[in-house]
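Chain by chain, the residues run as shown.
Number of protein chains: 2
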Amino acid sequence: MNITIRPAEKKDCAQMMQLVNELALYEKAPEQVTVSFDHFVESGFGSNPVWWAFVATQMEIYDDSDAEQSDVRGEKVIGFALYYIRYSTWKGQRMYLEDLLVTEDMRGRGIGAMLFDQLIQSCKEKKYSGLVWQVLDWNEPAINFYKKYNAGIDAGWLNGSLSF
Amino acid sequence: MNITIRPAEKKDCAQMMQLVNELALYEKAPEQVTVSFDHFVESGFGSNPVWWAFVATQMEIYDDSDAEQSDVRGEKVIGFALYYIRYSTWKGQRMYLEDLLVTEDMRGRGIGAMLFDQLIQSCKEKKYSGLVWQVLDWNEPAINFYKKYNAGIDAGWLNGSLSF
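Each protein sequence line maps, in turn, to chains A and B. The C-terminal residue of the first sequence carries number 178 in this note's numbering, and the numbering is unbroken. The C-terminal residue of the second sequence carries number 178 in this note's numbering, and the numbering is unbroken.
Careful: at least some of the hints might be erroneous.
Identical chains blur together in the list; that is why a pair holds if it fits in one copy or across any two.
Unchecked claim - Straight-line distance between alpha carbons at most 25 Å, and here's what the computed DSS-like set of lysine-lysine pairs gives:
1. Lys105 / Lys140
2. Lys42 / Lys105
3. Lys90 / Lys140
4. Lys105 / Lys141
5. Lys140 / Lys24
6. Lys162 / Lys105
7. Lys24 / Lys105
8. Lys161 / Lys105
9. Lys161 / Lys141
10. Lys161 / Lys25
11. Lys138 / Lys162
12. Lys105 / Lys138
13. Lys25 / Lys105
14. Lys140 / Lys161
15. Lys42 / Lys141
16. Lys140 / Lys162
The hints are simulated quantities; they were obtained by calculation from the structure and are not laboratory data. As the structure is a prediction and not an experimental result, all values here were calculated from the model.
Model the full assembly from the supplied sequences, consistent with the hints where possible.
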């Protein structure tokens with residue numbers, strides 16, 4: 015498959031945002047994506063980053079017969095795991111996984127697991143006390159995926175929110 | 015009551031941590047607090063802060079008959095709201111309220127609301143797109159408190175976690 019997992023760079027932002035928008039369209043909620051591209055880039059690669067990510071990429075050879083070269087190589091982002099640091103007054107610094115996303119036609123090939131394994135390794139390197147996330151209670155494939163890691167999957171919490 | 019709401023400073027950390035430990039004791043889970051004091055201070059006031067807070071303080075006059083002065087004034091931390099920045103690929107930067115805590119004998123006096131109002135004002139000043147938090151589904155007083163703000167209170171999510 016020739017898949018690479020590496021830290022996200024600024025140049026990946028356009029492809030990452032494209033995956034976000036594809037998913038929102040698939041979930042029939044494209045109007046819910048109100049973040050601007052500039053704000054996304056600034057929040058990850060500006061002077062005070064508030065998110066970090068690993069991307070899964072694949073080398074692609076495009077057939078471009080109009081180009082002078084017979085083929086054009088490109089690195090395609092096919093998934094990513096985006097996180098930030100969460101602070102618990104009981105447990106200290108933990109990694110919060112906000113999005114774990116693999117493009118639809120590349121699912122079922124273990125790419126999500128490659129990204130998740132990378133997060134676990136990164137937590138250990140950075141001495142975070144844990145990795146936490148949320149999952150929808152009807153999303154059985156995702157819940158089963160996390161259970162393979164013996165993850166705690168806890169009910170009993172409600173999400174509160176105010177929008178401005 | 016003479017209550018002041020202000021941004022937390024480094025000198026408040028000891029009293030804040032004391033409130034955290036009191037609450038854990040009250041919840042019969044003191045062993046769950048595994049964060050060290052140094053790590054708490056470093057995480058809030060080191061070179062890369064990952065949490066911020068507002069404290070509610072009260073001026074107290076201690077009767078200290080051994081001291082040369084007839085009374086000793088002290089600023090007591092009676093509650094705090096601790097938050098960090100959450101990044102959503104749909105909504106951008108939002109404030110995540112991790113802890114909203116008022117010491118037991120000071121509850122019912124609107125101090126939680128003063129802290130929460132301060133968070134809302136701060137979100138607007140910093141142009142965060144929202145304020146989010148979690149609440150236990152059996153905590154009716156807390157849920158009713160948030161409903162007064164017309165907050166969304168959404169079920170359907172499970173909390174996943176791995177500890178290292």
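The hints, checked one at a time:
| no. | hint | result |
| --- | --- | --- |
| 1 | Lys105 / Lys140 | within (14 Å within a copy, 27 Å between copies) |
| 2 | Lys42 / Lys105 | between (37 Å within a copy, 16 Å between copies) |
| 3 | Lys90 / Lys140 | neither (28 Å within a copy, 35 Å between copies) |
| 4 | Lys105 / Lys141 | within (12 Å within a copy, 29 Å between copies) |
| 5 | Lys140 / Lys24 | both (22 Å within a copy, 24 Å between copies) |
| 6 | Lys162 / Lys105 | within (23 Å within a copy, 30 Å between copies) |
| 7 | Lys24 / Lys105 | between (31 Å within a copy, 19 Å between copies) |
| 8 | Lys161 / Lys105 | within (22 Å within a copy, 29 Å between copies) |
| 9 | Lys161 / Lys141 | within (23 Å within a copy, 38 Å between copies) |
| 10 | Lys161 / Lys25 | neither (34 Å within a copy, 42 Å between copies) |
| 11 | Lys138 / Lys162 | within (19 Å within a copy, 41 Å between copies) |
| 12 | Lys105 / Lys138 | within (15 Å within a copy, 29 Å between copies) |
| 13 | Lys25 / Lys105 | between (34 Å within a copy, 21 Å between copies) |
| 14 | Lys140 / Lys161 | within (24 Å within a copy, 38 Å between copies) |
| 15 | Lys42 / Lys141 | neither (39 Å within a copy, 27 Å between copies) |
| 16 | Lys140 / Lys162 | within (23 Å within a copy, 40 Å between copies) |
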